[in-house]
Amino acid sequence: MATTIKTRPTGSRSKLPGLVKSLMGAAAFATMALTAPISLAEVNTTGLAVTEDTVQVGILHSVTGTMAISETGSVQAEKLAIEQINAMGGVLGRKIEYIQEDGASDWPTFAEKSRKLLVNDKVAAVFGCWTSASRKAVLPVFEQYNGMLYYPTFYEGLEQSPNVIYTGQEATQQILAGIDWVVKAKNAKTFYLLGSDYIWPRTSNKIARKHIEKLGLKVVGEDYYPLGHTQFNSIINKFKLKKPDVIFASVVGGSNVAFYKQLKAAGIDMTKEKPLVLTISVTEDEILGIGGENIDGAYASMKYFQSLTNENNIAFVKAFKERWGDDIVIGDVTQAAYLGPWLWKAAVEAAGSFDIDKVRAASPGIELTTAPEGYVKVHPNHHLWSKTRIGNAKTDGQYEIVYETPELIEPDPFPEGYQ
Amino acid sequence: MFADYSTSELMSIFAMQGFAGLILFSVFVLMALGLAIIFGQMGVINMAHGEFMILGAYVTYLTSNVFADYMPSLFGSYFFIAMILAFIAAGALGMFVEWALIRHLYKRPLDTLLATWGLSLILQQIYRSVFGAREVGVTLPDWLMGSIQLTDIVEVPINGIFVMSLAITISLIVAILMYKSRWGIQVRSVVQNRPMAGAVGINTARVDRLTFGLGCGIAGVAGSAFTMIGSTGPTSGQLYIVDTFLVVVFGGAQSLLGTIASAFTISQAQSTMEFFLSGSMSKVLTLLFVVGILMLRPQGLFSLKVRR
Amino acid sequence: MSYAGFKTLFPKSDLIGFAVLAVILVIVLPLAVDIFRLNLIGKYLTYAFVAVGLVLCWGSGGILSLGQGVFFGLGGYGMAMFLKLEASSPENTAIQSTPGIPDFMDWNQLTELPWFWEPFHSLTFTVLAIVLVPSLFAYIIGVAMFKRRVGGVYFAIITQAVAAILTILIIGQQGYTGGVNGITDLRTLNGWDIRSDEAKYIFYFLCVFLLFVCLGVAQYVRKSKLGRLLVAMREMEDRVRFSGYDVSNFKIFVFCLGAAFAAVGGAMFTLQVGFMSPTLVGIVPSIEMVIFCAVGGRLSILGAVYGALVVNWAKTTLSESFPELWLFAMGALFIAVVMAFPNGLAGLYSKYCEPYIKQKLKSFRAGRGGDVMAEGVAHERQ
Amino acid sequence: MSASNTDFVLAVEGLTVSFDGFKAVNDLSFYVDKNEIRVIVGPNGAGKTTVLDLICGRTKATDGSIKFRNRELTKMKEHQIVRAGVGRKFQTPSIYGDLSVFENLEISFPRGRSVFGALVFKRDAEVLQRVDEIADMIFLKDLLHTPAELLSHGQKQWLEIGMLLIQDPELLMLDEPVAGMSVAERRQTADLLRRITRDRSVIVIEHDMQFVAEIADKVTVLHQGKILAEGSAEEVKKDEKVIEVYLGH
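Sequences listed follow chains S, Z, U and C, in order.
Take the first sequence: its letters are residues 1 to 419, numbered as in our numbering.
Take the second sequence: its letters are residues 420 to 727, numbered as in our numbering.
Take the third sequence: its letters are residues 728 to 1109, numbered as in our numbering.
Take the fourth sequence: its letters are residues 1110 to 1358, numbered as in our numbering.
This is chain S alone, in the form it adopts within the complex (with noise of 0.2 Å):
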């Protein structure tokens, strides 16, 4: 049932990316075998915006209020995919277009839009979203008029819906394996866990507490400051107080910025690692706004990072940069987010339909073997398998990988006792 895609580099030819070269060059044969068109009537039977050689998707980020500093990569990643896909000859023959929408920072737009997309424009498939708050207030439009959603954030899972593919990881499998590395490599005993005050960051510590708690350590202190908080001083003196081990940030925005740049001013030191500072929060996109000067020495547990060596990312991170400009950062949600058309195309073309219910059907144990991030599979509970990198921060803005999981780590939405 799985379509699968060979990394090949090949020479040069025209001006197409990097990447896109080499996924003609593997794609070739498949491709050449479905352009022969499969007549309409057989790829869309439920009336959605497909044409003889064209079928239109959604693109739905915010770009304009506050989260247009986030959802700028995934949109930029979405869009490249999408052109790579066409530069290879589209979905089912068909070329992709897009439409894209702005959700302008606020859920009731986000939903407005969505039932847009959905309802007007029947779109095959949508690519966006970034916060929680964002999906929660379209996931009912989706469920609502059966369409289908691709969310690239890191989340705190506590969900499992038919309409959305989660290509960013869930909470567990974020920062069981971080915190097992740092128990494990740096002989960690004592935590903090600090986050903003939303469900992300309040979910994701209570499952490091509940693991930590599990391995015998100790939670030696838990605090949460609203959204876009400048002033972190209070908390600094907690940590010296406390003097965790290592301090577990899960703080985003603007408060990001000012905690770290804080953080450093008030002498902790990152590098000496007394206390380590371990985030599931900050990719290579906010470093941009810290400063890698700023967060030097913190690690970051997730499942990318742009210094990746592998080739795909080598391929992917050239691409990118050529398409989007050379001093762009590509961080973890962007590459989930350049996931999402691709796994949609695997899903469509082993459908050998449109149909949201047949690609729906189609999607579980889709793999990906050119993910930037190496090898993905969709798990029946339409997560990742991934693996999980620590990455040391460096003063160019970039990480250093010192940790990668040996296995594929399985999604589990629904921890057992968390929910």
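These are calculated hints, taken from the structure and not from any lab test.
Nothing here was measured: the structure is a model prediction, and the numbers come from that model.
It is possible that part of the hints are untrue.
Unchecked claim - Each pair of labels, with its calculated beta carbon distance range:
#1 Met714(Z) to Pro841(U): 41 to 49 Å
#2 Glu1081(U) to Lys526(Z): 25 to 33 Å
#3 Lys274(S) to Arg764(U): 57 to 65 Å
#4 Asp965(U) to Met714(Z): 29 to 37 Å
#5 Ser1138(C) to Tyr598(Z): 50 to 58 Å
#6 Gly711(Z) to Lys321(S): 35 to 43 Å
Said to hold, decoys possible - Straight-line Cα separation of at most 20 Å, EDC-like style, residue types lysine to aspartate or glutamate; simulated pairs:
#7 Lys1169(C) to Glu839(U)
#8 Lys394(S) to Asp561(Z)
#9 Lys122(S) to Glu222(S)
#10 Lys1335(C) to Asp1284(C)
#11 Lys274(S) to Glu428(Z)
#12 Lys240(S) to Glu222(S)
#13 Lys243(S) to Asp488(Z)
Stated by the list, open to error - Just a sample of chain C residues kept apart from chain U, beta carbon distances all over 10 Å, derived:
#14 Glu1187
#15 Gly1196
#16 Glu1215
#17 Pro1219
#18 Gly1221
#19 Phe1248
#20 Glu1269
#21 Arg1296
#22 Ala1342
Every residue, glycine too, gets a C-beta built ideally from N, C-alpha and C.
Assemble the complex: chain S is given as a structure, and chains Z, U and C must be docked to it using the hints.
Chains Z, U and C in isolation, oriented as in the chain S frame:
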């Protein structure tokens, strides 16, 4: 919660916590001074105050890039140049805004709120178009990084000291300007009786423009300083606006001393509570405290009982 | 109501305005647009409730509240709590560790329904609470502020702080409130699917009906002596006080009325959009609501409705076609409203369109040789 | 003075108010009889307006008592004082410019003063008649439906007096009622005052000594918050202290 610690450790922590409160105090003073002038003296509700601060931050970012590219040897001192440029840029924009918008609205204070809110949206979008939606990282000179080790535990962040000295300097300058200079007398006379001030030959339009420009300029300097401790992005300015207004209103809008006293009260309350409670709850309690006091004393902390 | 009373309440020019709005909302729009757009318009209309309340508070009474989102939110949350409880029946939530409570509570390790959720099992209670809780809250704020003569700018900033406090509280207490995600995934109302097209039509018309109820109440208040007192207070508060009125009571009354309108709007929002979240409570939406009112014309209750419709429609259209431009457009709109046409759309209408229409009517009547009716009602000034 | 204050409409005793240490009114005592017209004169800053502010509750007294028909006013709120029967006209005409003359008077009509009352208030025959009556008295009968902001300065003063009259107060306080009026208007006003003071007590602040002599039963001269002299217009005119501080220059 303190059972496990020795007395000296506790003393040190309290010392540092007090210092954290002082830094917060300085931050509030810097945020609020510009607004205290604009809102307190001129009665203009400038909702774009945060955006003026962010303008200062972006100017600092640009200056740091210019220094890094062309004069790396002088990089250590770029911050002072940046603050001056930030003052000039924000002040100039402020004067332009006063000329284009505010001067038509002096009799309608609530309308200045709407107009400046519109202005803040436009500025945000300009920042986004020019600098991108992402936050930019401002590189600080090395001497501003790190902290001074006083005892084993007590460490004082250098940028905190810098922010504090800046707050003190600017407060002093403003106080001197307001209460000692000829211009200050003019400002205060315009505030108290506009027609009369005009009648005795004060160019009220010019005084207004300069006052507004000064308030915005101070916001720019504050924004420049905040690149050390906060984020610089198109919407970062929004983070400051509520706190800033509360500080000014709580202090009794017309009094600079009141603004400083209120910044002190609020910062100490917040930072003490933050130490004992979670960050969110202490924020809520601080706001409730301020609102509660304002209900009891609507004129703010410092206001003269005057004959009507 | 007697005919004369009706004439006083609705002078002819107002009556035409109401009729035109009714025709647009009840006949033209439902026929002209599909259900998706109509649902959007229904959503815009929920903001119109707030804007109408603001016309009373701000336009008539001079009290500018920057915290109307609080009341909109309280109303919306009330409705959402009822719907969420219905959606969280033990059968629907069987996979949870504690079935029968909303999913977000389960994630936050709550094992039983908090006490203040219990009464929201009852629809009657919910409907009452939607109106009464925000009104009571407004009453408390109003008493605290107006009895102490806090007004103008100070009132605006304090209400803004209240909006900030409530937002932080809702987000921070996510076990009880759903946190930043809000209360989502609302499906049925007494077993009736609220997401079907049929339900959307019904909610749209219910929303229009309730809006007209609010408009009627607002019109009654404005035409009553209380309405004239509000205008009088805006101008010469001391004179009203020294005419033997307890000024604060009147302010509290319109503030509560505005809050109740906003709450009804919030409840209709929840029903039509399908969820409620703290983003509708905070400072930004509260200021936007003031903008709807300002664009429509702060002195005209009908203008407020058009303001809410036009601004939101522009927002949707612009953000669909030029996402980068719409902030510029919004910003420019605010400035333009303040600088160029302070009485908003209604001001433009009465300045440019009304005289023209009147003249046309007159010449039409004259042409027919009919009687030119004398303007019987005393000249009502804005 | 008298053992009981009941004989007086208004009894002010030991009244003191200080603004940040400055005593604007200092240990002031005076008494107003039934149907008396009392005029308060004094140089600028003598505390005249402050005394009226204190009586009507606009300013809170630091010390002392104000008894109106034996009811203590210092503890009451402004609207309660008004309802008790004290009417106050301000120095600058304070009327509602956006409303018509009719509406100005109607709002002042003492009925429907609660929120609910205002909501159900009806413009019935009694209101119409009373408004007509007052409008006639204040020379504005033909201008009933004119927006008040279009009135002349003198007409505005009359309108405000009319707004007080419609409440039928027992004590009427007028702060410079003829300031800024033409000679003709002054004459009309004096006439009006004489007519309206037949069955009520009146306190008037006035500078114009000729006007004062024309209307006053008794004159109180204030200086620096204290009473300098009290008596008939003729008496105070002759008082040397008064001549020195007030009339002398």
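Hint-by-hint comparison with the structure:
1. In this structure, Met714(Z) and Pro841(U) break the distance hint of 41 to 49 Å, their C-beta atoms being roughly 28 Å apart.
2. The hinted window of 25 to 33 Å between Glu1081(U) and Lys526(Z) holds, with their beta carbons roughly 26 Å apart.
3. Between Lys274(S) and Arg764(U) the CB atoms are about 60 Å apart, so this pair conforms to the stated range of 57 to 65 Å.
4. Distance hint check: the CB atoms of Asp965(U) and Met714(Z) are about 22 Å apart, inconsistent with the given range 29 to 37 Å.
5. At roughly 42 Å, the beta carbons of Ser1138(C) and Tyr598(Z) sit outside the given window of 50 to 58 Å.
6. At roughly 54 Å, the beta-carbon separation of Gly711(Z) and Lys321(S) lies outside the given 35 to 43 Å, and the hint is violated.
7. The straight-line distance between the Cα atoms of Lys1169(C) and Glu839(U) is roughly 54 Å, outside the 20 Å bound, and the hint therefore fails.
8. About 17 Å separates the Cα atoms of Lys394(S) and Asp561(Z), which keeps this hinted pair within 20 Å; it holds.
9. This hinted pair does not check out: Lys122(S) and Glu222(S) have alpha carbons roughly 45 Å apart, beyond 20 Å.
10. Under the criterion of a C-alpha separation no larger than 20 Å, the hint pairing Lys1335(C) with Asp1284(C) is consistent with the structure, at around 18 Å.
11. Our distance criterion of 20 Å between C-alpha atoms is met by Lys274(S) and Glu428(Z), whose separation comes to about 18 Å.
12. This hinted pair checks out: Lys240(S) and Glu222(S) have alpha carbons roughly 14 Å apart, not beyond 20 Å.
13. Distance check on the hinted pair: Lys243(S) and Asp488(Z) sit about 40 Å apart at the alpha-carbon level, beyond 20 Å; violated.
14. With a closest Cβ-Cβ approach of about 5 Å to chain U, Glu1187(C) is found to fall inside the 10 Å limit, against its non-interface label.
15. With 10 Å as the threshold on Cβ separation, the claim that Gly1196(C) sits away from chain U is violated: the shortest Cβ distance comes to roughly 8 Å.
16. For Glu1215(C), the condition that its CB be more than 10 Å from all CB atoms of chain U is violated, with the nearest at approximately 7 Å.
17. Annotated as non-interface, Pro1219(C) brings its C-beta within 10 Å of a C-beta of chain U; the closest such distance is 6 Å.
18. Not every CB of chain U lies more than 10 Å from the CB of Gly1221(C), the least distance being 6 Å, so the non-interface label is violated.
19. Against the 10 Å criterion, Phe1248(C) stays outside the reach of chain U, whose nearest CB is about 20 Å from its own CB.
20. At roughly 8 Å, the least C-beta separation between Glu1269(C) and chain U is not larger than 10 Å, which violates its mark as non-interface.
21. The claim that Arg1296(C) lies off the interface holds: its Cβ sits roughly 26 Å from the closest Cβ of chain U, which is beyond the 10 Å cut-off.
22. Against chain U, the non-interface label of Ala1342(C) holds: every CB pair exceeds 10 Å, the least being about 28 Å.
Consistency note: the structure conflicts with the earlier hints numbered 1, 4, 5, 6, 7, 9, 13, 14, 15, 16, 17, 18 and 20.
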